[in-house]
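The listed protein sequences derive, respectively, from chains H and V.
Using my numbering, read the first sequence as starting at 1 and increasing by one per residue.
Using my numbering, read the second sequence as starting at 1 and increasing by one per residue.
Just so you know, these hints were derived from the structure itself, not from any lab.
Certain hints may be false.
Said to hold, decoys possible - Result set (DSSO-like, lysine-lysine): computed pairs, CA atoms no more than 27 Å apart in a straight line: (1) K110(V) with K376(H); (2) K58(H) with K125(H); (3) K209(V) with K373(H); (4) K119(H) with K78(H); (5) K57(V) with K9(H); (6) K12(V) with K9(H); (7) K58(H) with K102(H); (8) K25(V) with K115(V); (9) K107(V) with K123(V); (10) K9(H) with K25(V); (11) K123(V) with K110(V); (12) K84(H) with K119(H); (13) K291(H) with K82(V); (14) K110(V) with K9(H); (15) K376(H) with K107(V); (16) K57(V) with K25(V); (17) K9(H) with K105(V).
Stated by the list, open to error - Computed spacing ranges between beta-carbons, pair by pair: (18) I244(H) with A114(V): 44 to 50 Å; (19) N204(H) with M222(V): 35 to 41 Å; (20) M264(H) with A114(V): 48 to 54 Å.
Stated by the list, open to error - Pulled a few chain V residues facing chain H out of the computed Cβ check, cut under 8 Å: (21) L51; (22) P80; (23) Y86; (24) H102; (25) I117; (26) L120; (27) K123.
Virtual Cβ for every residue (Gly too), placed ideally from N, Cα, C.
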Amino acid sequence: MSALTSVWKKEFRDAIRDRRSVLAAMSYAFFGPLLMAVAFFFLITQLTDQADVEITIKGQEHAPQFVDFLSERGVVAKQDDWAKTKTPIVLTLPENWQQSLKKAEPVEVTLRADWSAQKQQTDIKRVEQAVQAYSSQITAYRLTLRGIDPRVTQPLQLQKQDLATRGSKAALIMGSVLVFIILSVFWSGMNVAIDISAGERERNSLEFLLSQPLSTWDIVTGKALTATSFSLFGAILSLVLIPIIFAYVPLHEIGMNVNFSVGMMVLMFILLVPLALFATALQLFVSFRAKNFKEAQTYISFLLIIPMAASFGVEFARLKNPILYYLPLTGQHQAFLSLIRGESVNVMGTVISAVATLAVALLLMKYIARMLKSEKIVFGL
Amino acid sequence: MINVDALTKSFKNVQALDSLSFQAKDGEITGLLGPNGAGKTTCLRIIYGLLQSNTGKAEIAGVDANQNPIDARRNLGIFPDKFGLYERLTVREQIAYFAGLHGLKGKEQKQAVAKVIEKLDIKELTDRRMAGFSQGQRMKVALAQALVHSPRHLILDEPSRGLDVMSTRILRDILREQRAQGTCILFSSHVMQEVAALCDRVVVMANGKVAAEGTPQELCDMAGEQQLEDAFVKIIGTDEGIAA
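One chain only, chain H, in its complex shape (with noise of 0.2 Å):
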């Protein structure tokens, strides 16, 4: 126990003076939820933005009425000239305007614009749907006048009822905030990982430990504690920063609501210690069989993908297999987004995910403990 904690004391005061580990452990949680957050506030602003649909419109004077009703829709005149880079949307009025709806004849309004243009897909709707309305409101008057209830025209009525809740719809956008929180368990301490094996090799000095008076479970438990310590410090990071950047995103203008309580917050780090511990033994294993620093960087940038492929995977195929409650990495993806949408978190399946993740990293670690009595691994033999 001793032996166990003098090898954590001393690789942890060694790691922390190690000016690339620190910062590569905060830089991701740092940067990482910065960068999302502008991402979501340049998405919100967009998908909110309700600015008047500026188009041309030829022949205004045969239809003033029809050009104010656009107006209060959103739908004016443009004034200046279109940019090059955009085809203009041009709403044109026939001049027989007048004695057309007088007659109650259909009256040809020309609307021209590019409707694969993705940009102007909202304005050119949005000019749709007012000529349908003034269009409607005009079916009216005339069924009224000649005493029909204009209802007849309209056998069926389309009730649109979405059950999609605040939280639910925050869910969508925060499902990559999760996956984001659960990957700072990896980057964090990645560095200091590989330092601690792959480097403690390169610099000489893995054959004099292994010859102490000390066990190579001590070894390795020690050099896992200290990257799981670092691993979990980003977590941390990620965790208290990103409600505060994400109250500057005004996720409330698109009907979101998300809450970070404290409560949550506390769960979510409860439960990426069992994790991170895994993630660390995982790259331990990989980097101690690497001969340098550069060798076991290259290796554990491959092994980077699994969680990543597992987490974005299950994120965006939309997953939904009751398995994926009770496996390491993924179980834990599914509790937090529980949390996340306000919905009651599978207390079995979380508490089996933390025990299996647990009990694989334990097993990792025993196993490079033995690796570590092996002459082939030990000296390349």
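Keeping the supplied structure of chain H fixed, place chain V upon it in accordance with the hints.
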């Protein structure tokens, strides 16, 4: 006492040790002399318990290093072949770390560290981080961390390699001092002067076997030569891999 008894070790097709037997006694400096590739480092690694021998045993004060490596190492100070120091630690922290691994705690640890720093005369380096240390300074730190727990046995693997005259002299003085205190010292070398100047007994190794054993004088007499170097060449039958 370090007792090596009929050690055999092979790697794939290479027979590194071939029933090697010798003893290093307490209060004596035993030199393990052999050309490059004779199996010196392999032999030492078996004594540390890092390598498993195929047959035979290596005992430190009666504890078999293959059976019970941790207990065997408690009585052992090691000056390794390649010593990587933790460059971000200070000298004091480095020495204290290895003292801690040997079970020294608290006040006892502090005293042991202070004592060994005094002994090696590295007081002015104590609180400096080791990045940028010279080879001589590194050697002193490596020696200090090997001696901090006052081991009864000391093993040095090619200790004088890359050292200047002053550092070599310090190393010799320390070893003689340890010998006077009854420490069993085993050191491997292929440097003739070193062995002749320091060792009470010499074990000459070639091809994983003991080629001859005795005091430097005995070896010279045995080979009928005046110089240890000539005796050595005659004993191992080749002058390959020897530095004068």
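Results of checking the hints against the structure:
1. Restraint check for K110(V) and K376(H): not satisfied, since their Cα atoms lie roughly 37 Å apart, outside the 27 Å limit.
2. Distance hint between K58(H) and K125(H) is fulfilled; the C-alpha atoms sit about 19 Å from each other, no more than 27 Å.
3. Taking the CA atoms of K209(V) and K373(H), the gap is near 26 Å; set against the 27 Å cutoff, the hint holds.
4. Proximity of K119(H) to K78(H) is assessed by CA-CA distance (about 17 Å); at most 27 Å being required, the pair is judged to hold.
5. The straight-line distance between the Cα atoms of K57(V) and K9(H) is roughly 35 Å, outside the 27 Å bound, and the hint therefore fails.
6. Of the supplied pair hints, the one linking K12(V) and K9(H) is violated, its CA atoms being roughly 39 Å apart against a limit of 27 Å.
7. With a C-alpha separation of about 21 Å, the suggested pairing of K58(H) with K102(H) holds against the 27 Å cut-off.
8. With a C-alpha separation of about 26 Å, the suggested pairing of K25(V) with K115(V) holds against the 27 Å cut-off.
9. Proposed proximity of K107(V) and K123(V) is supported: the alpha carbons are some 19 Å apart, at most 27 Å.
10. For the given pair, K9(H) sits about 37 Å from K25(V) by alpha-carbon distance, which is inconsistent with the 27 Å threshold.
11. Restraint check for K123(V) and K110(V): satisfied, since their Cα atoms lie roughly 14 Å apart, inside the 27 Å limit.
12. Using a Cα cut-off of 27 Å, the hinted pair K84(H) and K119(H) holds, with the two alpha carbons roughly 14 Å apart.
13. Between K291(H) and K82(V) the alpha-carbon distance is near 16 Å, which keeps this suggested pair within the 27 Å criterion.
14. The straight-line distance between the Cα atoms of K110(V) and K9(H) is roughly 16 Å, inside the 27 Å bound, and the hint therefore holds.
15. Of the supplied pair hints, the one linking K376(H) and K107(V) is violated, its CA atoms being roughly 40 Å apart against a limit of 27 Å.
16. Pair hint K57(V) plus K25(V) holds up; C-alpha atoms about 16 Å apart against a cutoff of 27 Å.
17. For the proposed pair K9(H) and K105(V), the alpha carbon gap of about 13 Å is at most 27 Å, so the pair holds.
18. A hinted range of 44 to 50 Å holds for the C-beta pair I244(H) and A114(V), which are about 48 Å apart.
19. The hint said 35 to 41 Å for the Cβ distance between N204(H) and M222(V), and at roughly 38 Å that hint holds.
20. At roughly 51 Å, the beta-carbon separation of M264(H) and A114(V) lies within the given 48 to 54 Å, and the hint holds.
21. Taking 8 Å as the C-beta cut-off, the interface hint given for L51(V) holds, the closest approach to chain H being about 5 Å.
22. The restraint placing P80(V) at the interface with chain H holds, with a minimum CB-CB distance near 5 Å, inside the 8 Å limit.
23. Checking Y86(V) against chain H by beta carbon gives a least distance of about 6 Å; that is within 8 Å, so the hint holds.
24. Given hint, H102(V) at the interface with chain H, holds; its Cβ is 6 Å from that chain's nearest Cβ, closer than 8 Å.
25. Evaluation of the I117(V) hint against chain H yields a violated restraint, the C-beta minimum of about 18 Å exceeding 8 Å.
26. A least Cβ separation of about 18 Å between L120(V) and chain H goes past the 8 Å threshold, and the interface hint is therefore violated.
27. For K123(V), the interface hint is violated, since its Cβ never comes within 8 Å of a Cβ in chain H; the closest pair sits about 22 Å apart.
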